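A.B. asks: Chains as they are written, first to last, in my numbering: chain A, 3 to 215; chain B, 109 to 741.
No lab work stands behind these hints: they were computed from the structure. None of the values given here were measured: they were computed from a predicted structure. Just so you know, even glycine gets a beta-carbon here, dropped at the ideal spot from N, CA and C. Just so you know, not all the hints are guaranteed correct.
Straight-line C-alpha distance at most 16 Å; calculated EDC-like pairs for lysine to aspartate or glutamate [unchecked claim]:
#1 Lys-94/A to Glu-79/A
#2 Lys-129/B to Asp-202/A
#3 Lys-129/B to Glu-189/A
One-sided and incomplete, this derived list gives chain A residues near chain B with beta-carbon spacing under 10 Å [stated by the list, open to error]:
#4 Ala-35
#5 Tyr-41
#6 Gly-123
#7 Ser-199
Just so you have them, the derived chain B footprint on chain A, three or more residues with Cβ under 8 Å [said to hold, decoys possible]:
#8 6-16
#9 88-96
This is what each chain is made of:
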Amino acid sequence: MYRYRIHYHKLDAIKYTSNLDLYKVWERSCRRAGLPLVYSQGFHPQPKINLACPLPLGITSTVEIVDIWLNDLFDLETIVDMLENAVPPGIKVQNAELVATSEPAIQTTILAARYQAIFPGAFDSDRLAMNINSVMEQVAIVRLRRNRQYDLRPLILGLSLLQTPEGMEGIEMLLSAREGKTGRPDEVLLQLGIDPSLADITRVELIRNQTGG
Amino acid sequence: MTINSHNSKSISEKLDRVLLKVEKPGRYVGGEYNQVVKDWNQVSTKIALAFPDIYDIGLSNLGLSILYEILNAQKHILAERVYIPWKDMESLMRSEGIPLYSLETRHPVSDFDILGITLPYETLFTNTLNLLDLSGIPVYAAERTEDHPLVIAGGHACFNPEPMAPFMDAFLIGEGEEAILEIAETYAAWKSTGKSRRELFKTLASIWGVYVPSLYQPVFTGSGKLDSISSVDTSAPAAVTKRLVRTLPPPPVKFLVPSIDIVHNRITIEIMRGCTRGCRFCHAGMVNRPVRQRPVQQIVDAIEAAIKSTGYEEVGLLSLSSSDYTHIVELVEKIRTRFSDRKLTIALPSLRIESFSLDLLENLKGSRQGGFTLAPEAATERMRNTINKPISSDQLLAVAREIYQRGWQTIKLYFMIGHPGETEEDVRAIADLCLQVIKIGHQEMGRRAALHVSVGTFVPKPHTPFQWAAVNSQAEIEAKQSILKQMLKKQGVKLNWTASSETMLESWLARGDRRLADVIFTAWKNGATFDAWHESDHIQIWQDAFAKCGIDPDEYAARERGKEEFFPWDVISTGVSKNFLRREYEASKNQVTTSDCRETCHACGIVPVFGKFASQENDSQWFCPVPQKVSGL
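Whole structure, please, built from the sequences with the hints as guidance.
C.D. replies: What follows is the structure, given as structure tokens:
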């Protein structure tokens, strides 16, 4: 049994595919690629596939990771080649690495995620700078999401204005992404008084605890 | 609403701003594996293929999958898909002024040359009007101009095209594999001439299988009865004969693989078209004659290619009666040896009630997962003879015992109430039979045994021997259902039934004439959409619409039709003659059965009409004798 870690981008239409549905996308992609998946035992055998960190619906990413267990050993470049033509549009396979099967589950090693929100429409950077300061100065920000109260503030590790090399303006956020302590970029935008549907949000970095645990 | 000022880019930009506000936004963006995206500006004929329900249901439709692959194989044609938005998305599209668009390139539907709509069942009619309206296309065909797409419908519900006639420019009656290309070519040739739309219609009317409703005029008697439907142009034949392919072409294999969960996630391979059994209620069994089979090797190769190109984990083998596929044993054996180590689920539905079916399924799956489905349809000998599906209760019970004995935990039984001449006793017999089955289940495997009973309600469908029969009244249906509900309150038994209001609506829509169109329009205007959804009970809206249009729905469905009565669907010929259907209807009244066509020819009419098209190739031979001499079409 061999464990491969695939790094990929999630762009375009497939940003509207949920984390749960993405498991099926990877399973079918591997089957189309002819990669021999490892299945669990039992009445309903499931392929062994692990996604690193759920990406909220509608957000693109250039830093996604999936771990896939295969029965055979493959050359890393071969795996990338095989997958490239088998994944749906919007998934761009970057590279693969071979990982020890004993390593901890990828999702337990993620600490934080960095997001960039760009606004194709009007953008008032002065007012936003003030709002960012006021959010960062607070000790607690109690918000309600799906009828549950939670404190958003400790999930925000960094928040700043952003200007892309192309001259687009926006906001950069560094949010906690530990299991059970995950900050959502749309919640941060709402707290800043911005309608998240006006933003194009991209995940640009996953910060991992390299030693695991 | 500024619905027509949109292009592909502006639609995409607007979508990104609204999609997070709706349930399952993945329905509205396309981007599936195997979707075909062509350069819009490099293709001369652009066709939108629409299924008038939501993505989750429409994506897996086999008819559209076939046409999508055939059309996109042509260099000069592109085909893109269109589905109906769910209500949340519809209201956003209307408030934001987003027109209905294709998933592949997000072009407005109104920018296409041809809009092809599939209508497999009648409860999609109001959604079809909504589809046109959301596209900014006038719903009444008479209001369209040369700037609008050609709107054409096909599918099983079009075998009675009259209720939707005022909304369609043309219908394709029957099988589309070859005709769709002729329609596209005819359109392309017309487009280059710059002639009027009516000229296009006249040319289309000369294509085998095409019905152009504006070239026909229904004639009503003084008392309001439909007297005839006459062709008003020399280009339009007196009656339109359904289209037929002589030999089934290889099936589609590059199925679209959605990136979100939908209703049917599977590869579907049609192994055989048509059926020789002659069940008298069965629309599909009458309109799909004659039988044509695919060769075993072609099916196995198609499964292999489809698995490779989709990565799907489930394959469904489709036919009206799998047990009747001549090479079923060989097919199952080949599938087993070739695919058994692939973690695949293979479904083989529509099996006969005999223990041999168990062998087939065991051989195919090697496991007894899921239930075992049988469709006795009726529970007394009298009713079984009436509907021409003879099978003894003893045999059913013996097979049921064997199913439980061999380890299947669930049996699913399909019945139908409301057949002509059905009495309370016949209904009670259904429940009695089910109780006997679950008793056997308990004997064989104790409390784990389960029985799922599905009881549909009969609707007298056009082009069947029962087309003269009346549908039960809503009160009769409900009385019969309450008998079943009461008698089947038993441990291990689960009962499903069809809401009586759904049956009423289906019977009106299936049997109406051209006057029904205004009722459909009115009901749609008053909010009836998604009529196929069990939760949308619009019966009051429909009854009000009938009242407003001054039409009595009972005239369509609640009376036994006269022997000589002209039906709206008589303008369509399926090849099966009205004489044969009438003979079958009379036989049903006397509970006389008619044998399988393969035993002896019952002269249904298929041979004289289509005989000269019969293939001589062995593997695709029709189960009809090939005559020496046949009359021309």
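A.B. asks: Compare the structure with each hint and give your call.
C.D. replies: Now for the hints, and whether the structure bears them out:
1. Lys-94/A to Glu-79/A: Holds, at about 14 Å.
2. Lys-129/B to Asp-202/A: holds, 15 Å
3. Lys-129/B to Glu-189/A: holds, 14 Å
4. Ala-35: holds, 8 Å
5. Tyr-41: holds, 6 Å
6. Gly-123: Because about 9 Å separates Gly-123/A from the closest Cβ in chain B, which is inside the 10 Å limit, the hint holds.
7. Ser-199: Status holds, d = 5 Å.
8. 6-16: Our answer is that it holds, as 3 residues pass the Cβ test (under 8 Å) against chain B, meeting three.
9. 88-96: holds (count 5)
In the structure shown, no violation is registered for any of the earlier numbered hints.
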